[in-house]
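Using the hints, position chains U and R against chain F.
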Amino acid sequence: MKTCTLSINNKKVTVEAGTTILEAAKSAGYYIPTLCNHPDQAIKANCRICVVEDKTSGKFVASCSTMVYEGADIHTNTKEVRELQTGILELILANHPNDCLNCIRNESCELRKLCERFHVRNYNLAHETDIYPIDNTSGVLVRDRNKCIKCLRCVEACQEAQMVGVLSPSYRSVNTNISAGFGENYDETLCTFCGQCSAVCPVGAIYEYDETEKVWEALHDPKKHVIVQTAPAVRVGLGEEFGMPRGSKVTGKMVSALKMLGFDKVFDTDFAADLTIMEEGYELLSRIKNGGTLPMITSCSPGWINYAEGFYPELLDHLSTCKSPQQMFGAVAKTYYAKKAGIDPADIFTVSVMPCTAKKFECKRPEMNASGYRDVDVALTTRELARLIKNAGIDFTNLEDEDFDSIMGASTGAAVIFGATGGVMEAALRTVYEVVTGKTLENIEFDEVRGLDGIKEATIDLDGTPVKVAVAHGLANAYKVMEMIKNGQAKDYTFIEIMSCTGGCAGGGGQPVGANKSIKERRIDTIYNIDKEMPIRKSHENPEIKLLYDEFLGEPNGHLSHELLHTHYHQRVKR
Amino acid sequence: MGKSLSILTKNFNNINVDTVDDYLAAGGYEGLKKVLSLTPGEVIEVIKDSGLRGRGGAAFPTGKKWEQAAKVKEDSYILCNADEGEPGTFKDRYFLEYDPYRIIEGMTIAAYAVGGREGYLYVREEYGRQKEIVLKAIEAAKAAGFLGDNILGTDLSFDIKVISGAGAFICGETTALIQSIEGGSGRPKIKFQRTAVSGLFGRPTLANNVESYCVVPALFTKDAQAYLSQGTEKSRGTKVISLCGNVEKPGVYEVPFGITLREIIYDLGGGIKDGRDFKFAQIGGASGPIIPKSMLDIPYTYEDFGKEGYSLGTGAILVADDTNSVAEFMVTVQEFFVHESCGKCTPCREGNRQLLKLAHKIADRKATVEDFLTVKRIANVMNKCSFCGLGTAAPTAMVTAIQHFYDMYN
Amino acid sequence: MSKSLLDVNQYEEIDKILKKHDMNKHNLVGILADVQDLSPEHYITKEQAEYISERLGIFLSNVYDTITFYSALSDKPKGKYVIQVCNGPCCKVMKYEKIKDAIEKELKTGIGEITHDGMFSFEYSSCFGACEISPAIRIGEKIYGNLDEKKVVEIIRNYRGGTWENL
Chain F
1 MKTCTLSINN
11 KKVTVEAGTT
21 ILEAAKSAGY
31 YIPTLCNHPD
41 QAIKANCRIC
51 VVEDKTSGKF
61 VASCSTMVYE
71 GADIHTNTKE
81 VRELQTGILE
91 LILANHPNDC
101 LNCIRNESCE
111 LRKLCERFHV
121 RNYNLAHETD
131 IYPIDNTSGV
141 LVRDRNKCIK
151 CLRCVEACQE
161 AQMVGVLSPS
171 YRSVNTNISA
181 GFGENYDETL
191 CTFCGQCSAV
201 CPVGAIYEYD
211 ETEKVWEALH
221 DPKKHVIVQT
231 APAVRVGLGE
241 EFGMPRGSKV
251 TGKMVSALKM
261 LGFDKVFDTD
271 FAADLTIMEE
281 GYELLSRIKN
291 GGTLPMITSC
301 SPGWINYAEG
311 FYPELLDHLS
321 TCKSPQQMFG
331 AVAKTYYAKK
341 AGIDPADIFT
351 VSVMPCTAKK
361 FECKRPEMNA
371 SGYRDVDVAL
381 TTRELARLIK
391 NAGIDFTNLE
401 DEDFDSIMGA
411 STGAAVIFGA
421 TGGVMEAALR
431 TVYEVVTGKT
441 LENIEFDEVR
451 GLDGIKEATI
461 DLDGTPVKVA
471 VAHGLANAYK
481 VMEMIKNGQA
491 KDYTFIEIMS
501 CTGGCAGGGG
511 QPVGANKSIK
521 ERRIDTIYNI
531 DKEMPIRKSH
541 ENPEIKLLYD
551 EFLGEPNGHL
561 SHELLHTHYH
571 QRVKR
Chain U
576 MGKSLSILTK
586 NFNNINVDTV
596 DDYLAAGGYE
606 GLKKVLSLTP
616 GEVIEVIKDS
626 GLRGRGGAAF
636 PTGKKWEQAA
646 KVKEDSYILC
656 NADEGEPGTF
666 KDRYFLEYDP
676 YRIIEGMTIA
686 AYAVGGREGY
696 LYVREEYGRQ
706 KEIVLKAIEA
716 AKAAGFLGDN
726 ILGTDLSFDI
736 KVISGAGAFI
746 CGETTALIQS
756 IEGGSGRPKI
766 KFQRTAVSGL
776 FGRPTLANNV
786 ESYCVVPALF
796 TKDAQAYLSQ
806 GTEKSRGTKV
816 ISLCGNVEKP
826 GVYEVPFGIT
836 LREIIYDLGG
846 GIKDGRDFKF
856 AQIGGASGPI
866 IPKSMLDIPY
876 TYEDFGKEGY
886 SLGTGAILVA
896 DDTNSVAEFM
906 VTVQEFFVHE
916 SCGKCTPCRE
926 GNRQLLKLAH
936 KIADRKATVE
946 DFLTVKRIAN
956 VMNKCSFCGL
966 GTAAPTAMVT
976 AIQHFYDMYN
Chain R
986 MSKSLLDVNQ
996 YEEIDKILKK
1006 HDMNKHNLVG
1016 ILADVQDLSP
1026 EHYITKEQAE
1036 YISERLGIFL
1046 SNVYDTITFY
1056 SALSDKPKGK
1066 YVIQVCNGPC
1076 CKVMKYEKIK
1086 DAIEKELKTG
1096 IGEITHDGMF
1106 SFEYSSCFGA
1116 CEISPAIRIG
1126 EKIYGNLDEK
1136 KVVEIIRNYR
1146 GGTWENL
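Line by line, the protein sequences give chains F, U and R. 1 is the number of the first residue of the first sequence in our numbering; add one for each residue after it. 576 is the number of the first residue of the second sequence in our numbering; add one for each residue after it. 986 is the number of the first residue of the third sequence in our numbering; add one for each residue after it.
Next up, chain F with everything else stripped away, as it sits in the complex:
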């Protein structure tokens, strides 16, 4: 490995050849300001605020896109560099609405953080902002082009990482704006609502459609029995919104905070994840036995479902008919739980907390009313729950741990790993193996399906029968898998897990912003640690799930299951 020694502000530092000045400065202890830069994305070098002085060449260069060279004499804080950086910040602010006091992103905005650093006082540029109409008709994501700083991170996320391509720059000069084209709002396109655009936006130009007021309204309504379910990945992301280290496990505090907010019951989506494994495991075995469409593909990621319906409608038969845990939960809550608790389902208001923006789209699907009511009334993102907690003034970081309520709060390690890419696959294998072989699975950790490789494969030995599986995350990898299936190159695969977001739900579009690969890895590590520490780690051993089948559903894939827990898909066309 070739190295390079240069000096940053007269401090000698040695780095690998091919490192950018930006990275080299970091290793020397200097954070050069950035905006368009994102560690998981291609270098863009369009904001230009990372400018530094190269005294050897006498030139000013963008440190994000300039590689180090031997003996370079780089200065990041000379009078001129600071003047240039301040000047660029001023130029951005001159076009940015003064909305910080009201802006949904004011706590996590990267532009505002730079203002903390630069404290622009003698601001004398002409303030001219845009007046594009706000795109808020989807009820899932909101686009405010007037706050856009044209960093193009959202474009790369949509076109490259997700290969959906709804967002692109258009026009030029001061008319440059990010759009789907022809004045289309999100809901007039084949946007999958994965929310990755909102996850990478540095400012308040793209954000989740906030539904916290709806939840407050329900909580304030004495007639409403408000229950909440929380997804696996939320418990490893929520703490970040309160300054806790990235990937902190906050399950107990989360439950405690929800109880303090006034929810009548705090249940766990993980319970429904175990339910999903039961239904999906048996569905898979049935397809294998009866010659159903294979490979079967998981269906719990709504961003992925939207993608399949929009781009591969001819292959929808491959999708498992199982609803996602969120939706299974809702259907069961307003039937089984309502009955057992003696509450009129019309008075039950179900809220879900998800690491996901597409869940908002999913819960609003017309067909998601198997209970006779809206199965899930509101789906909140992790970010919105944090907002609720802060709004209520709850001292989150100092809360004592509390437990989920029964009868929909018990779960297993298999359920919590749903939050990581490969988790659904692993959970399913833990159950399917034991159901098919009748033997106890000793080694329940399937390393081959873990990790951040885009597409992972494994061949599982089901007591002599080899079963080929694959796991993909990020829609660009979903594209690869679907093309393989389309071209008949995936005939020997039995089961495939696809998640729309890189990292799986841990990296979901509704999680705390500012995440990157290493942060996602930390969240995933915590998830696997939670799994390790759980007393029960296989879905079929969940006692509340056993009770649900005994007292209510009967058997997996039975008549009632099909009514409440399974669904159909249809081609999505542009409106």
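Hints in this document: simulated from the structure, not taken from any laboratory. Ideal Cβ placement from N, Cα and C applies to all residues, glycine included. Certain hints may be false.
As the list claims (entries may be wrong) - Going by beta-carbon spacing under 7 angstroms, a handful of chain U positions derived as facing chain F: (1) SER612; (2) LYS919; (3) GLU925; (4) ARG928; (5) THR949; (6) LYS959; (7) CYS960.
Coordinates of chains U and R only, in the frame set by chain F:
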């Protein structure tokens, strides 16, 4: 007494370009024939020795550029930039219309020297008529064996595709031009490697201006002596300029480096029209400096202009008489940049926006001293931090105008 | 794919253009220019863009980007004849404003607009390199230079094919 020359421009309005015949009769393709008798390395040495610098505005030493391209083993695309968008510049238009075979010959010589089989000639959309002429010339050259397979019976095979622009000044920037040919908007791209190594379609690419390719054949014929005897040590040969504005005789002229602006404007251009007075000139296009009367005797060379911190740019010389307001002229210049900025980077997109507002303020006589300092400040940010040359050069006019005409603004 | 309002004939024309450009997405700019030429109003419709996007395998948002990025392409209809007045630096010193005012008066239409009968649209253009015959205008692909108020009115009336009073 300033004289215009007729070395590179000798064919202008003199030959019929429907066939190659007139071009050949005027000595055309003697250059290529001589080149084919040399090694590629020898050809590049001639270019280097000539001191030829890119004629599109950037003035990068052409020999060095060809040497970099030749070093790359893989074939290079030979790219000719005929986007000519710099206001006040129309000299390439003349080459396209009146001497297209010279461009083709120059590109063919480049293909031989650096190793290339495919050429791309990117013509701005507004030069529709000239594009048709070039297309016909390419066909005629092919029919006569000067293009296509086995040119002049040698191993050299080279063909040229003509691509039309679509109305974007930024596409004159090489990486933006490449984006346009690759099928999309022309926003400049980061160059992690020089274009000679990775350019069009990610392959090695040699990109030069029309005029640069047009100088090349002359360096290998008897015109070479006439050409190289002109100019100064650091600015050798001739420059084809486009003179326009409030002069009697606007047009394209070939001048020796070293001639003064005064000679260009008064001897060649016939002086200021309608008996008016010279007020200012803009050199090199909208991206160029504003020159006051006091600087009219500066020799037109890279080094003399360089001493002032100015570039010669494309060779455009726009003359304004005393009926013009410098401040209002600045509004026009800034309007151009706001219209043509690609919008990708903050300094250029937002900086040009601010400079236009300030230009209006100055023209409306509402500017304060602070405003002038702000112009300087923004200009510095644009100069040092812009992604490409458009943003870097855009503030030049306003900064030099304030420098030379400060009292006029008050 | 949403149902298109294009009639079959237009599909055929676009297919011909795509074929001429080898169905190659690199030729997008040229393809869009040719498709635009199909329209007497010099623009590209959303349906046409969607069809091109589908056939070439390019995101519609990128097709829209290309159309809106370039001055010579348009997603909005223009007049039958597009009059472009150069407002560049050379035409500025040659007083383009006089030409622009004369056209405005003749057409009874402001710059940036289309005449009532849809015959002319009237807009500014960046310098198109006709500086030695400045002040200059473009009407479609034709360039007219060395203009004064009288000449430019005459040119426009010739396009009208008659005198103003006849209309």
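Now the hints, each set against the structure:
The beta carbon of U:SER612 comes no nearer than 41 angstroms to any beta carbon in chain F, farther than 7 angstroms, and the hint placing it at the interface is violated. Taking 7 angstroms as the C-beta cut-off, the interface hint given for U:LYS919 holds, the closest approach to chain F being about 5 angstroms. At about 4 angstroms, the closest approach between the beta carbon of U:GLU925 and any beta carbon in chain F falls short of 7 angstroms, and the interface hint on this residue holds. The restraint placing U:ARG928 at the interface with chain F holds, with a minimum CB-CB distance near 5 angstroms, inside the 7 angstroms limit.
Given the 7 angstroms rule on beta carbons, the hint for U:THR949 holds: about 6 angstroms separates it from the nearest Cβ of chain F. The beta carbon of U:LYS959 comes within 4 angstroms of a beta carbon in chain F, closer than 7 angstroms, and the hint placing it at the interface holds. About 4 angstroms separates the beta-carbon of U:CYS960 from the nearest beta-carbon of chain F, less than 7 angstroms, and the hint is met.
Of the numbered hints listed earlier, the single one contradicted by the structure is hint 1.
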